[in-house]
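Please build the complete structure, drawing on both the sequences and the hints.
There are 2 protein chains.
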Amino acid sequence: MIYLDNAATGGFKPYAVRSAVNAAMKVCANPGRSGHRLSLAAAEHVLSCRNLLSDVFGGYGFERCVFTKSCTEALNIAILGVLEEGDHVVATALEHNSVLRPLQYLAEKGVITYDIAPLKDGILEPETIAACVKHKTRLVCVTAASNVTGTSCDLKKLKKLLPEHVLLLVDGAQGAGHIPISMRDMGIDMLALAGHKGLHAIQIGALLFSQRVDPRPLLFGGTGSESMNLSQPSFYPDRLESGTLSYPAVCSLFEGLLIVKSTKKTETYALTKALSEAVKGLPSYEIFSPPNACGVFSFRHKSMPSEELAAALSEKFDIAVRGGLHCAPLAHEALGTSPDGLVRASFSVFQGMREANALFHALRALS
Amino acid sequence: MIYLDNAATGGFKPYAVRSAVNAAMKVCANPGRSGHRLSLAAAEHVLSCRNLLSDVFGGYGFERCVFTKSCTEALNIAILGVLEEGDHVVATALEHNSVLRPLQYLAEKGVITYDIAPLKDGILEPETIAACVKHKTRLVCVTAASNVTGTSCDLKKLKKLLPEHVLLLVDGAQGAGHIPISMRDMGIDMLALAGHKGLHAIQIGALLFSQRVDPRPLLFGGTGSESMNLSQPSFYPDRLESGTLSYPAVCSLFEGLLIVKSTKKTETYALTKALSEAVKGLPSYEIFSPPNACGVFSFRHKSMPSEELAAALSEKFDIAVRGGLHCAPLAHEALGTSPDGLVRASFSVFQGMREANALFHALRALS
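Listed in order, the protein sequences are those of chains B and R.
Start counting the first sequence at 1; every next residue gets the next number (the numbering used here).
Start counting the second sequence at 1001; every next residue gets the next number (the numbering used here).
No lab work stands behind these hints: they were computed from the structure.
It is possible that part of the hints are untrue.
Simulated crosslink set (SDA-like; lysine to any residue; CA at most 25 angstroms straight-line) [claimed, not checked]:
hint, chain 1, residue 1, chain 2, residue 2
1, R, Lys1109, B, Arg239
2, B, Lys26, R, Phe1012
3, B, Lys26, R, Ala1358
4, B, Lys26, R, Asn1357
5, R, Lys1026, B, Met25
6, B, Lys134, B, Asn51
7, R, Lys1316, B, His45
8, R, Lys1109, B, Ala107
9, R, Lys1120, B, Met228
10, R, Lys1026, B, Gly352
11, R, Lys1026, B, Leu40
12, B, Lys120, R, Met1228
13, R, Lys1026, B, Ser19
14, B, Lys26, R, Ser1019
15, R, Lys1109, B, Val56
16, R, Lys1109, B, Gln104
17, R, Lys1109, B, Gly110
18, B, Lys156, B, Gly122
19, R, Lys1026, B, Ser262
20, R, Lys1156, R, Ala1131
21, R, Lys1026, B, Phe350
22, B, Lys136, B, Pro163
23, B, Lys109, R, Ala1358
24, R, Lys1026, B, Ala16
25, B, Lys109, R, Arg1216
26, R, Lys1109, B, Arg138
27, B, Lys109, R, Val1213
28, R, Lys1136, B, Leu230
29, R, Lys1316, B, Ile2
30, R, Lys1109, B, Phe235
31, B, Lys26, R, Phe1350
32, B, Lys109, R, Gln1104
33, B, Lys316, B, Phe12
Simulated restraints on C-beta separations [unchecked claim]:
hint, chain 1, residue 1, chain 2, residue 2, range
34, R, Lys1160, B, Phe12, 46 to 56 angstroms
35, R, Ser1231, B, Glu84, 20 to 30 angstroms
36, B, Glu44, R, Lys1280, 29 to 39 angstroms
Partial pick of chain B residues on the chain R-facing surface, computed with a CB cut under 7 angstroms [unchecked claim]:
hint, residue
37, Glu73
38, Ile202
39, Met228
40, Ala311
Virtual Cβ for every residue (Gly too), placed ideally from N, Cα, C.
Quick look at the structure:
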């Protein structure tokens, strides 16, 4: 199989990642709950992973880095755990349902209002987002890279256009590991991450946040700290981390981050550029993603539904891609590809022209 | 090392479990998000795991079985996602902070009130719990087995004493895999489970629930279903499962459950009984757990703090146990062991007299 569904879940887990999971399954102590040497060693490694995350993403130290089960949970904490009655939010047309659905939930309850910054000719501009900001705007949510187009806007420029009191939440699910993200350089207040895509880990998420924001917990429970206290501890990371962490997942993320740190040059931009140029020569197809470092290549066949094309690629060519709406309904509305959606091929940093060629030849055969 | 901290995290992961995680790391497709064969195969296996969970715990089918990151998340859904303004709750003195802290949070917000059913001579009686039920009581929360004493009350008897409209939530974190739990036989409405203890898996949780209850989601996001809908889907399991599931964790749980199903007889009860009898001969120690199938053996030294004794066992004898309060403050208050707590040795079903003897000899040397 040629696996081009890396934007859903990274298909190839490097040896160091798999090996770390195996080692963690042999150790299997509960980090930070007990005082014996295995538990202490696990707790120390968890701390190292927080520090590494903060280092890789220009964060605000280990206390401001919490592990979650997924980027979705991280985004929920950043939205449901931060917004207050009467707040206004600006999100963009490129956002995933993991941002839109928490916002919609709060809006339906009458807690917040929100506006969606539109695309202009398929492009998200910082100025368009900033123009949606109102007096009551507390939060701007923007993806580091759309899971449909592989692109977003210039985050640093966006930050400069926002009033000082507005918090900037960045959804790093797709971008992290592909494009440079630094919270300090870009003025990001909250960064939500998915471990299982560009960070090469198994399923885990993280929320990094600055001292400008104090997220409230969504879940309550044992933290291994202040056990006599029936209320949640007030300090981070414990406040947001109830229940035993997945030590194998943390270990996998640590190794994945080391690989991200040492990977200097990738082919993903070149691949999507080459594919764009080649597929432009096939008149049955329309392309909706510009060349991008995320390795996302989205297209449709002028006379074949996206799910049907995706199924044909799987069945006839054993190429795994994803059709449909990719949990990003407003992006497809903005691109004019709703409700049928697009086919998305997504490359990892470990792939090259061999995979791109295979996709091109399959598309030519199906055109 | 002799690992006797299995009530924190099961120390030994069977070959089939580790092997399943490895296979999942090689496949690495996103279950249920795409239409290619890897994604479809993963989705099918996730469904099998739901069915197996429902089978093992006498549940209500795959739709009423949701995966969570932990038993803590499952308990939070069962409490925060079910209770409504004005409800009264009864919990017990044996409950973990993963039950107590969500209740305390709702109580501090003025949403609910709750009472704690006390122990009588260290024992939890169904009659004592039922006596706390009021007109407005909506939920009774009780552990299947305390993480401090290894015991609880007769759940079937408790259910018979409760009014029809009262929901019964059982915390299966410690009990599952050690003692038989059947939702249908025992009249349990919601059962929260931890994968990483008696179920032999890596970190994952689950909430099983009957048709009598419709938990609201705590997290919102992509479900791979109804992508055009900005609101959360209304059907289960999708309604409670936003974000990509951890496929390696689900696979590990599947294998762990098969082992639980095929394990007919274990030594854990005999071990704690033998230890109790032997340690009773050492006058420096007091024992606080009755013999139990959970394999929990809790004790203290009359003149040494619990954390100090735990550290001595680790440093001098390389025996891993857990001192302190075990995130169950009311249990220790009820037992009169607060604030210093107890030392808890906890055995897995894979352990036997060798480990129990090692602990006894160490305790004798330290007495």
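Cross-check of the supplied hints:
Distance hint between lysine 1109 of chain R and arginine 239 of chain B is fulfilled; the C-alpha atoms sit about 17 angstroms from each other, no more than 25 angstroms. For the given pair, lysine 26 of chain B sits about 7 angstroms from phenylalanine 1012 of chain R by alpha-carbon distance, which is consistent with the 25 angstroms threshold. Proposed proximity of lysine 26 of chain B and alanine 1358 of chain R is supported: the alpha carbons are some 21 angstroms apart, at most 25 angstroms. Restraint check: the Cα-Cα separation between lysine 26 of chain B and asparagine 1357 of chain R comes to about 23 angstroms, which is no more than 25 angstroms; the hinted pair holds.
Note on lysine 1026 of chain R and methionine 25 of chain B: the hinted pairing holds, with a Cα-Cα distance of about 16 angstroms set against a maximum of 25 angstroms. For the given pair, lysine 134 of chain B sits about 36 angstroms from asparagine 51 of chain B by alpha-carbon distance, which is inconsistent with the 25 angstroms threshold. A threshold of 25 angstroms between alpha carbons decides the hint, and for lysine 1316 of chain R with histidine 45 of chain B the separation of about 24 angstroms falls inside it, so the pair holds. This hinted pair checks out: lysine 1109 of chain R and alanine 107 of chain B have alpha carbons roughly 21 angstroms apart, not beyond 25 angstroms.
Of the supplied pair hints, the one linking lysine 1120 of chain R and methionine 228 of chain B holds, its CA atoms being roughly 21 angstroms apart against a limit of 25 angstroms. Annotation: proposed proximity of lysine 1026 of chain R to glycine 352 of chain B holds, straight-line Cα distance about 19 angstroms (limit 25 angstroms). Annotation: proposed proximity of lysine 1026 of chain R to leucine 40 of chain B is violated, straight-line Cα distance about 30 angstroms (limit 25 angstroms). Restraint check for lysine 120 of chain B and methionine 1228 of chain R: the C-alpha separation of about 21 angstroms stays at or below 25 angstroms, so the hint holds.
Proximity of lysine 1026 of chain R to serine 19 of chain B is assessed by CA-CA distance (about 12 angstroms); at most 25 angstroms being required, the pair is judged to hold. Annotation: proposed proximity of lysine 26 of chain B to serine 1019 of chain R holds, straight-line Cα distance about 12 angstroms (limit 25 angstroms). As the CA atoms of lysine 1109 of chain R and valine 56 of chain B are separated by approximately 38 angstroms, the hinted pair breaks the 25 angstroms bound. The hinted pair formed by lysine 1109 of chain R and glutamine 104 of chain B meets the criterion: a straight-line CA distance of about 23 angstroms does not exceed 25 angstroms.
A C-alpha spacing of about 18 angstroms is found between lysine 1109 of chain R and glycine 110 of chain B, which places the hinted pair at or below 25 angstroms, so the restraint holds. Restraint check for lysine 156 of chain B and glycine 122 of chain B: satisfied, since their Cα atoms lie roughly 20 angstroms apart, inside the 25 angstroms limit. For the suggested pair lysine 1026 of chain R and serine 262 of chain B, the alpha carbons sit about 23 angstroms apart, so the restraint of at most 25 angstroms is met. With a CA separation close to 16 angstroms, the supplied pair lysine 1156 of chain R and alanine 1131 of chain R stays within the 25 angstroms bound.
About 15 angstroms separates the Cα atoms of lysine 1026 of chain R and phenylalanine 350 of chain B, which keeps this hinted pair within 25 angstroms; it holds. Simply put, lysine 136 of chain B and proline 163 of chain B have alpha-carbon atoms about 11 angstroms apart, close enough for the 25 angstroms limit, and the pair holds. At roughly 58 angstroms between alpha-carbon atoms, lysine 109 of chain B and alanine 1358 of chain R are farther apart than 25 angstroms, so this suggested pair is violated. At most 25 angstroms may separate the alpha-carbon atoms for a hinted pair to count; lysine 1026 of chain R and alanine 16 of chain B meet this at roughly 13 angstroms.
This hinted pair checks out: lysine 109 of chain B and arginine 1216 of chain R have alpha carbons roughly 14 angstroms apart, not beyond 25 angstroms. About 24 angstroms separates the Cα atoms of lysine 1109 of chain R and arginine 138 of chain B, which keeps this hinted pair within 25 angstroms; it holds. Using a Cα cut-off of 25 angstroms, the hinted pair lysine 109 of chain B and valine 1213 of chain R holds, with the two alpha carbons roughly 22 angstroms apart. This hinted pair checks out: lysine 1136 of chain R and leucine 230 of chain B have alpha carbons roughly 23 angstroms apart, not beyond 25 angstroms.
Proximity of lysine 1316 of chain R to isoleucine 2 of chain B is assessed by CA-CA distance (about 54 angstroms); at most 25 angstroms being required, the pair is judged violated. Under the criterion of a C-alpha separation no larger than 25 angstroms, the hint pairing lysine 1109 of chain R with phenylalanine 235 of chain B is consistent with the structure, at around 20 angstroms. Taking the CA atoms of lysine 26 of chain B and phenylalanine 1350 of chain R, the gap is about 15 angstroms. The hint holds against a cut of 25 angstroms. Between lysine 109 of chain B and glutamine 1104 of chain R, the direct Cα distance comes to roughly 23 angstroms. Compliance with the 25 angstroms bound is thereby established for this hinted pair.
Only pairs whose Cα atoms come within 25 angstroms are accepted, and lysine 316 of chain B paired with phenylalanine 12 of chain B is accepted, the gap being roughly 22 angstroms. Separated by about 55 angstroms at the C-beta atoms, lysine 1160 of chain R and phenylalanine 12 of chain B satisfy the suggested range of 46 to 56 angstroms. Separation of serine 1231 of chain R from glutamate 84 of chain B is about 22 angstroms and conforms to the stated range, judged on CB atoms against 20 to 30 angstroms. Remark: the range hint 29 to 39 angstroms for glutamate 44 of chain B to lysine 1280 of chain R is upheld by a beta-carbon distance near 38 angstroms.
The interface hint given for glutamate 73 of chain B holds, since its Cβ lies 6 angstroms from the closest Cβ of chain R, which is under the 7 angstroms cut-off. Interface restraint check: isoleucine 202 of chain B against chain R, minimum CB-CB distance 5 angstroms, threshold 7 angstroms, status holds. Taking 7 angstroms as the C-beta cut-off, the interface hint given for methionine 228 of chain B holds, the closest approach to chain R being about 5 angstroms. Residue-level restraint check for alanine 311 of chain B holds (minimum Cβ-Cβ distance to chain R is 5 angstroms; threshold 7 angstroms).
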